[in-house]
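Colleague: Keeping the supplied structure of chain A fixed, place chain B upon it in accordance with the hints.
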Amino acid sequence: MLMSAPLHFQTIAELSAKLSVGQLSAVELTQAMIARTKAVEPRVHAFNSFDEADALAQAAASDARRRAGQSAGALEGIPVGLKDVIAVAGQPLTASSRMLANFVSPYDATVTQKLQSAGAVLHGRLNCDEFAMGSSTENSAFGPSSNPWDLTRTPGGSSGGSAAALAAGSAVATLGSDTGGSIRQPAALCGLVGLKPTYGLISRYGLIAYASSLDQIGPFARTVEDAAIMLGAIAGHDPRDSTSFKTSLPDYRAELKTRRGPWKLGIPKEYFGAGLDPEVGAAVEKAISFYRSQGCEIREISLPHTQYCLDTYYIIATAEASSNLARYDGIRYGHRTSSAKDLLDVYQKSRAEGFGDEVKRRIILGTYVLSSGYYDAYYLRAQKVRTLIRQDFLNAYREVDALITPTSPIPAFKLGEKSADPLAMYLCDIYTIGVNLAGLPALSLPCGFTQSGLPIGLQLIGQPFREADLLATAHAYEQAHGWNTQFPSL
Amino acid sequence: MNYEAVIGLEVHVQIKTQSKVFTRVGAGFGHEPNTLTDPVVLALPGTLPVMNKAALDAIIKAGLLLGCDIAPICKWDRKQYFYPDSPKNYQISQYDQPICIGGLVEIELPGAARNVMGEHKKIPLTRIHLEEDVGKLNHHATDSLVDYNRAGTPLMEIVSEPAMHTAEEAFAYLTSIRNTMIYGGISDCDMEKGQLRCDANISIRPIGEKKLGTKVELKNLNSISYVRDGIAHEIKRQLAVVATGGTLIQETRDYDGVAGTSQSLRSKEMAHDYRYFPDPDLMPVHVDDAWKAELQGTCPELPFDKQRRFIADYQIPYTITSVLIPDRELSDFFEATAQLAGTGRAQVVGNWITNDLLRELGAAKLSLSASKISPANLAALIQQVDAGTLLNAAAKEVFATMFATGDTPAAIITRLGLAAAPTDAGELESWCRDSIAANSKALAEFKSGKESAINAFKGPIMKAAKGKANPKLVDETLRRLLAEA
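Just so you know, the protein sequences line up as chains A and B, in that order. Taking the numbering used here, the leading residue of the first sequence gets 1, the next gets one more, and so forth. Taking the numbering used here, the leading residue of the second sequence gets 491, the next gets one more, and so forth.
Worth double-checking, as some hints may not be accurate.
Stated by the list, open to error - Rough simulated footprint, nothing fancy, chain A against chain B, three-plus residues with beta-carbon under 8 Å: (1) 534-546; (2) 770-781.
Said to hold, decoys possible - Which residues of chain B face chain A? A partial, calculated answer using Cβ under 7 Å: (3) 519; (4) 565; (5) 569; (6) 570; (7) 572; (8) 574.
Quick caveat, the hints were computed from the structure, so don't treat them as lab data. C-beta atoms are modelled at their ideal positions from N, C-alpha and C, and glycine is treated no differently.
Isolated chain A, as found in the complex:
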């Protein structure tokens, strides 16, 4: 890492070291983040809201803890941004929707509490596609975010704000959520590390549900080490989430140095077909060559049900979404129409006015596939195919330790380029959704740039609850390359 990187582009590891020796205070760091955010935010629009006073108060509290000898660890005093689908008590929680434009959460998500007890300074609510549905942030009711590497392009989505803020230097790390690629694809498009943990490793309590059986919170970070620090802070069983898993947790950061290859790596042939941008393909091939040069055994494998991933995903995810979003009805909170004549009118108009097109599209699709007479043909069949898709991966893991694929078939595309064509947009997730259907951990890390200077992401897919191995595999690549020492010029 270049020592000359400005403060706002430094890593958790670097800043934490400076904070711990008193070279920097949390208040100074937070002030620097605020100044940077004010400078770039008009161009990037990564945030839905930013509570400056609250962030500075948290930073002052962190400094006080440190003076009292009560530093909570690596995240003490580190400014971390949260996607606007994660609840923070007393802060807005909008899901980038008109429906929740004025909603303030009265309670904390479990990850929020965990980050707070780790000493992090939580600042800002990060933009995303409405209710995390989309791949570009263009579905946000508050306007899209821009990719710091090229402001005319998307940072990806749905956690685009989380990626854009980090890439632009408005945060040291951020959290996103990943239902079909919503962390990994924006990480790839913005030149960051993005980790989608195993389903059940991170509590979903306080995460606005899109598709409950697929959603998982995960970190965006500048380096694999930072991702390991973030994961360590947020992972673990939560009695408030029945789907969170009881498992012992390794020290992810320490394990980076102890877990070494060579690994057996699988190349799923279905992930290198038509639609893959040649520059992306070439960068991924180079990464594969690197691993081979390190003594890793590279084996082509097959995930034969890959072709059904997209269809399966759009049945299961929309079915769950249609149910999860039923609570937004204008009765207890959220947008309520001002022109209702009766109860049905309250529901219909509030929801018609509160939700955007993509959300409505998915609610309608999900309602349809669960309807009497269609359930068996769609939802039930999709669940069976989902089992086959998971089995594909588990079969592959009898032969190999992890899989290597591109994260996104294409680098960042122009804002507006795909917004009129939902199906083209859905194809952005073609390499990422299988992982969610199978409940596996996967991360995206930078593996180069296109000739026009856009970041390219490499996806590593791991085995259930073996994030430590996945991170170590990524770390080995990152140590030898250093793509993350390049920053967008903003």
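Modeller: Then chain B, alone, in the frame of chain A:
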């Protein structure tokens, strides 16, 4: 043509737990609106349900009491419909895999007279499943307010087979379920508090016909007598439709218990599509044999079994058991007292409980457990009367004091000076001799075998003793002297 009615009941029973079924906030009745809520109950964005084990324990116990098979896996589904009382606009319920399957509910039909046990039948159950209750809408002139205190209360739905044929059977079925649930400590089943609710599916068919007729679902049977009246009314309505050449339609009707009428809510075409699907927020729960055995150990004797045992073991009349049995606490109190009071005194115990104790409880508006009466004290009181150390009239006063203070009968008798007087044997004997001498007619009758004639001597003796003579001693002394006379 003669028709018979076919009735199936869907009974909702609120389970009595400390907290709600999918979150930690307390459950209860009669609190300020919207005080028993938390982010989960209000379905705030991002909240998740977590199952309350006590609710699952209770429904498994209910299933064991009613002889159901307990499913090895408890699985959750979402039942989806929009209504303001449902915060998520879906209800977490069980669709295709209920936790309890089958089972039987024993019922008793009215007997020929009040003191005669009626016919017993067993009504088969289809299933019992667990779900969450919804909130409550309060309608005002221009708006409606929602109270979510009830939302998320554990609720079980007990579904019977269409196996009943009269309103009386339905009434008896509901009564039996209520008694069983109260016995199991599963619910208080107070219909006024909505802890027990009932919908009925009713159809008619020509006698002899096997196929079920067109079904009407009758809702809002909000009291146990509305259940009987509503069903009777619906059967009459259906018979009238058929008698006038009309056709019954499949519909849901709302019963108005005050007016004694019903009106159509919706027809079959308007029926909801609930779009059930497995709830992805809740993991299925395995119910193993050890868990079931543990709950089996907490199951009490069923009310009808207890009634049969009381009649056989304590030789008490049906009428008394029919007062005691519906109340588990009262019947346990009876049994404890009867065992202390000694052989052959069970009916006396029953009389004290069904007459005096219930009257005092009613007047004081107290529950038995909240009152100060104890089986030991009641048994001691009965023994004092039996021993002749307390007169019946005085015993009533002692009982009332005992009820009010919880003191022992001995202490009360001493304090109030109610003991039958310790009579001087010589004085008593002279009173007896005087009384016999004064009534030669009664003496002759007694001598000729008329046993009851002895009572004619007792009045003057008691008068002489100012009412405080020990009646047992009086009786003994009289008999001895009469034998000599």
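Colleague: When the hints from earlier in the document are held up against this structure, which numbers fail?
Modeller: Result: hints 3, 4 and 5 break, sorted rising.
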